[in-house]
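Enquirer: In case you want the letters, here they are:
Protein chains: 2
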Amino acid sequence: MKVALINIGNELLSGVTVNTNASWMGQQLMEIGHPVQTIYTIGDSRNEILSALNDLWKNYPIILITGGLGPTHDDITVAAMAKFFDTELVFHQPTFDALKERLESRDIPISERHEAQAMLPRNAEVLINNAGTAPALYFCENDKHVYCLPGVPHEMRRLMREHILPQLERLSPVRFQRTLLRTIGYPESKLYDTVKHIVESLPAGYVAFLPQIYGVDIRLQTDDTKKENREHLREVLEKIKARLGNAIYAEKDIPLAQAVGNLLREQNATLATAESCTGGLMGDMITDISGSSDYFFQGFVTYSNQAKIDTLGVPENLIKKHGAVSEDVARSMATGAMEKSEVHTALSTTGIAGPTGGTADKPVGLVYIGCVVGDKIQVKRYQFSDDRRLNKQRTVYAALNLLRLELFAEQK
Amino acid sequence: MKVALINIGNELLSGVTVNTNASWMGQQLMEIGHPVQTIYTIGDSRNEILSALNDLWKNYPIILITGGLGPTHDDITVAAMAKFFDTELVFHQPTFDALKERLESRDIPISERHEAQAMLPRNAEVLINNAGTAPALYFCENDKHVYCLPGVPHEMRRLMREHILPQLERLSPVRFQRTLLRTIGYPESKLYDTVKHIVESLPAGYVAFLPQIYGVDIRLQTDDTKKENREHLREVLEKIKARLGNAIYAEKDIPLAQAVGNLLREQNATLATAESCTGGLMGDMITDISGSSDYFFQGFVTYSNQAKIDTLGVPENLIKKHGAVSEDVARSMATGAMEKSEVHTALSTTGIAGPTGGTADKPVGLVYIGCVVGDKIQVKRYQFSDDRRLNKQRTVYAALNLLRLELFAEQK
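Those protein sequence lines, which keep their order, are chains A and Y.
Just so it is clear: in the first sequence, position 349 is 351 by our numbering, and no numbers are missing.
Just so it is clear: in the second sequence, position 137 is 139 by our numbering, and no numbers are missing.
Everything labelled a hint here was simulated from the structure, so no lab data went into it.
These figures come from a predicted structure and were not determined experimentally.
Any given hint could be a false lead.
[Stated by the list, open to error] Reference listing, derived: stretches of chain A covered by chain Y, where coverage requires no fewer than 3 residues with Cβ under 8 Å from a Cβ of chain Y:
no. : region
1   : 11-17
2   : 112-118
3   : 304-311
4   : 346-358
[Claimed, not checked] Below, a list of computed lysine to aspartate or glutamate pairs in the EDC-like style, where the Cα atoms sit at most 20 Å apart:
no. : chain 1 : residue 1 : chain 2 : residue 2
5   : A       : Lys192    : Y       : Asp109
6   : A       : Lys4      : Y       : Glu50
7   : Y       : Lys192    : A       : Glu114
8   : Y       : Lys382    : A       : Asp109
9   : Y       : Lys414    : Y       : Glu268
C-beta: ideal position from N, C-alpha, C; glycine also.
All chains should be built: construct the whole structure from the sequences, respecting the hints.
Expert: This is how it looks when you write it as structure tokens:
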């Protein structure tokens with residue numbers, strides 16, 4: 003069924019906040035066969051909410067509204083909903099009790115403001131918010147489904163996952179079978195040219211190339227209700243896999259760090275890292291994976307030259323001769339991390355993240371990555387962009403991919 | 003004057019692309035006194051463009067449209083504009099010449115598709131796009147101003163900067179003065195209650211409370227054209243600052259890590275970190291700040307118990323007796339990092355990030371943070387949520403804030 007979103011918030015209009023809720027919701031709803039067809043972003047105004055609802059009500063069987071549900075004065079969604087459905091607000095005891103319990107556990111005193119948060123439209127079904135204080139509301143009238151959610155992203159996502167997506171999935175007429183192939187190593191246009199002849203047999207819109215910060219995802223889908231569709235998708239998938247080989251690091255939506263972690267775990271191997279330009283981001287990405295303590299022993303963030311010398315044993319004259327951003331220092335950092343940790347594998351990064359600090363010889367974006375697996379040591383040179391954050395991210399992806407390819411080769 | 007945005011693109015609805023154009027444009031337009039009041043995000047469909055334009059035309063003197071201007075088959079904005087203004091498409095020689103020159107310089111052959119890109123509505127004024135091939139269009143009819151821009155962010159931004167923002171600034175009746183106060187330590191509702199009586203004197207909509215992952219931002223603004231407005235804003239600002247004291251960590255849009263970094267730099271102090279549950283995120287956030295090498299010496303990501311013992315010198319029996327997630331180990335990690343680094347300050351984190359690994363005694367979300375400044379050592383206990391990523395983030399914010407408050411106290 004067709005979905006309309008209404009995202010409420012002056013901060014979305016003034017650009018203080020980027021509307022990531024809309025894209026996340028769009029993805030999730032698409033996956034269960036309810037594509038978002040229009041998004042209204044409006045201010046914190048009861049009249050604007052009413053006007054948007056009146057506009058969208060006739061054409062959209064599903065409307066999701068975010069924002070305007072918290073305790074401050076600019077939260078006006080509840081009042082607008084009562085007006086729209088021509089009903090009154092009533093005190094909702096379970097909402098108040100949940101709020102009270104939540105606040106008491108954090109030693110926050112209950113105020114009148116919190117009591118007002120439990121006044122809800124009579125025709126609303128209340129969905130329990132396990133991540134925050136604002137309740138979510140569900141209205142079902144004349145076969146229309148309207149949901150009101152808080153605008154705080156993690157609260158919205160949890161409510162979507164726990165209540166709304168399962169409810170809406172049951173209303174969906176189609177079942178999509180979707181597959182994701184996550185690739186690394188091909189630019190988007192080259193990847194497209196490489197597999198174009200394979201994916202052409204799929205209906206338009208059933209294949210998408212989604213460039214990521216580093217690497218490109220291929221998303222394939224088919225209507226799952228017919229057997230021949232499922233078989234066709236499987237054939238296409240096998241052909242792409244044969245063509246791309248180890249450029250595919252995952253066949254589902256897992257991060258590269260998890261794909262690498264799985265290989266390490268399978269091989270009973272452990273990892274240490276030595277980071278300079280990435281400043282800890284590599285360890286952060288590795289440890290974002292629950293269970294990474296199985297293989298991640300430790301990381302060194304040797305940001306200063308002295309730390310590289312003191313902590314990793316990088317020879318001082320190596321830094322003097324070649325500079326901290328050099329093939330030799332990257333190698334010495336990786337072997338240093340390995341020696342200090344008694345692990346099987348090690349990764350190191352050193353580079354000029356930018357935006358300042360570049361020279362003619364060593365421009366911003368220049369990075370060396372060291373990778374040790376057992377006895378094999380390699381160092382690779384990369385030239386990234388002038389964006390500090392992107393450079394850090396691309397460096398970590400490149401490093402993890404170096405290790406992945408080595409572990410992959412070991413496995414054969 | 004009031005602005006409406008129309009962002010065209012199926013990729014915005016399906017969530018493949020996050021609509022960063024809207025927030026960027028919202029910020030830029032707000033600054034020159036043309037606040038965005040509504041945003042329609044719609045699909046690549048001529049009818050939807052026409053329907054959105056018909057909707058918005060009567061209420062908005064300024065309408066900006068992005069997307070649907072490139073060479074591919076789903077780019078339909080030009081046709082929709084000709085239909086809306088009831089005019090025909092005519093060949094625009096300068097557009098074709100610019101396109102041809104651009105393509106030839108890149109050795110791309112000219113195709114019919116490119117000729118079609120030079121067919122533009124007769125009533126359009128063409129704005130030169132120096133960053134890409136799609137032209138931008140300006141329509142001025144009945145005192146309404148409509149702009150069509152490509153959806154590619156860097157092309158849109160350049161066209162805005164070079165043509166549209168200067169044009170619109172000349173039409174603006176007001177100038178806004180805006181201030182951001184970034185706070186930490188108050189939940190949103192408590193913050194609001196604390197400063198409510200101060201901000202009430204500002205016109206509605208001129209103050210906003212924006213909750214972040216950790217902390218709340220207060221955004222204040224006023225029309226800058228009258229002296230009494232400016233003075234009133236300054237008074238309000240001073241009162242809030244007096245009331246909130248050191249809960250305010252910045253008076254402009256800088257991250258907490260930068261506020262802490264500035265204090266470290268001012269005090270000629272250096273920092274080392276010892277991370278367990280945050281896995282490198284603290285180092286990552288610190289080094290996201292360009293120039294952080296002035297004060298950040300190194301970080302240890304001692305993820306395993308053995309690493310805590312070997313690398314930081316945490317006594318093995320301390321871990322055996324109290325567990326790795328304990329006040330004693332947090333203290334030992336912080337002092338260990340300090341001793342290994344010859345720095346002035348150190349931070350440590352140890353906790354159960356989740357979602358697994360919790361026990362009745364030590365639930366998921368339990369975190370200890372150690373903070374050493376000179377001779378003063380403190381360890382604080384926190385209970386966060388069951389979300390791994392949020393726990394890591396909140397732990398880093400809490401740690402940085404501990405250090406900030408200590409440095410702040412030193413400064414007095």
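Enquirer: Which numbered hints does this structure break?
Expert: none
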